[in-house]
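There are 2 protein chains.
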Amino acid sequence: MKITEYINTLRENVAVAREQGKTVVLIPTMGFLHSGHLSMVEAVRKQDEDYEKFYIVMSIFVNPLQFGPNEDYDRYPRNLVRDTRLAQEAGVDLLFTPSVQEMYPDGPSLTRVNVAKVTDDLCGSHRPGHFEGVATVVSKLFNIVLPDFAYFGQKDYQQYVVIKQMVKDLNIPVQVLLAPTVREEDGLAMSSRNAYLRPEERRQAPVLYRSLQEAAQLIAGGERDVNVVREKIRQRITNETNGKIEYIEIRRADNLAKIERISGAVVIALAVYFGSTRLIDNILVEV
Amino acid sequence: MKITEYINTLRENVAVAREQGKTVVLIPTMGFLHSGHLSMVEAVRKQDEDYEKFYIVMSIFVNPLQFGPNEDYDRYPRNLVRDTRLAQEAGVDLLFTPSVQEMYPDGPSLTRVNVAKVTDDLCGSHRPGHFEGVATVVSKLFNIVLPDFAYFGQKDYQQYVVIKQMVKDLNIPVQVLLAPTVREEDGLAMSSRNAYLRPEERRQAPVLYRSLQEAAQLIAGGERDVNVVREKIRQRITNETNGKIEYIEIRRADNLAKIERISGAVVIALAVYFGSTRLIDNILVEV
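Top to bottom, those sequences are chains H and B.
Residues in the first sequence are numbered consecutively from 558, following the numbering used here.
Residues in the second sequence are numbered consecutively from 558, following the numbering used here.
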């Protein structure tokens, strides 16, 4: 595995891989890698019998542009030594670990990419500027790597919808793929931010996924009223945890539009604070 | 010369040219071609003795996103038959003439690219949303064509600065080049919008360039006070035409920052209405 913090070195290596006829895959991350990230590498390797067909670039960059002034940019967990080992073991070809200086040499970018509508609610309304920061840095990464495919994890489902919309609107020549959420044994969605949880919070956190599963069962049983299902989730979280609910929403899966009745493909998404730790989770349901 | 209105056809043709080892050049225009546009094709052809080295893509697209609600989108002059002939004669390899539907299949793009600071003044403050529309459509064209080089005319100097900034900020792998303004014999900068001018307005319009030349002479003679030079231009235009001045500015050429004293590379830029026709012009001066 190659590792570089420089855009030019990355471009040289990707160009060589491309000349060798390889398919270039980008997996953008903020590091502090867990099975959620690493499963994406495995997913790529499984796509084809020819292990050498793909050239997998993983980026690790905690992007200051997507954190609000009162968010956890400074304390976001980092461990590049461990990440390097894990990425290598998983089969990454090139690990890109740019500094903030390398990505924003003149300070915060004057140019920003904004995606309307799909960023209006859910995390968008609670984290102003977040998706502008995400869309801007992902634009940069796409232009730097020029990947054929890029993977995004389902845990950040709204992010995936935003990137899909951006790619479509701006004609970016990349195929965006969704990687399933990987969970701890008790159901808690893997997240670098789980490291913040105190023991009691960690014990309660799996209720989020259980409440989503219960919602899916309700829908499987015939319930179609969005508010009834949301209320059921709210009750369970309120009754069984000290978590503070930020939002519980059921939306169209393709564009996150509001619905009153459940039909077609929907996403059930929530954000809940445990102490100062904000956790998100979601499931996709097809009716 | 190939001509297509379809993104997929364009991509196929560009891919073939690239496989043949050609350097891909993009010249984005809004059509109604004049010598200003065609001189860019000639400039490319002159770059290398090997005429076949370059694959020149010219786009013709009157981009609704960059016109304000009270601007001239509907009456902007169009003549695709004439443009096709002129592009072919000049040596364009591929003429890309997408419909609005092809560029914005779902209506106005949800995704927008914004460039701060360099869009604050000059045309930016008088045409709200204009540079957002420009940056967005140029992003799309860059992603569609993936050119090695792209040319922009100096007459729209602020647009060139905006695109340069965007390309730098978003790491777009393209080299942006400035093509000199081509002028009528009497000095009027070539522009598709000159077609709007009534005879008397057309007679007066060359005063714009003469006032810029006079400003350059003043500076060459030692004048360094921005306001003295601006006032001289204002007087000349006011005395010799019925034009209504929108702005006259002298700015740093690289980032359009305000200055009080003239030093280094500066741009002297102006916008003046003749009747309902808005004309812009500028010159670069190095002290």
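There's no promise every hint is true.
Which residues of chain B face chain H? A few of them, derived with a C-beta cut under 10 Å, are [claimed, not checked]: (1) Ile701; (2) Asp726; (3) Leu727; (4) Leu734; (5) Asn784; (6) Val785.
Because the hints were derived from the structure by calculation, they are not lab data.
Even for Gly, the Cβ is constructed at its ideal location relative to N, Cα and C.
Structure-based check of each hint:
At about 5 Å, the closest approach between the beta carbon of Ile701 of chain B and any beta carbon in chain H falls short of 10 Å, and the interface hint on this residue holds. For Asp726 of chain B, the interface hint holds, the least distance from its beta-carbon to any beta-carbon of chain H being 4 Å, beneath 10 Å. Restraint check, Leu727 of chain B versus chain H: the minimum CB separation of about 5 Å is within 10 Å; hint holds. Because the beta carbon of Leu734 of chain B sits about 19 Å from the nearest beta carbon in chain H, more than 10 Å, this interface hint is broken.
Contact between Asn784 of chain B and chain H, as hinted, is not supported at the beta carbon level, the nearest pair being about 27 Å apart and thus beyond 10 Å. Against a cut-off of 10 Å between C-beta atoms, the interface hint on Val785 of chain B is violated, since the closest Cβ of chain H lies about 31 Å away.
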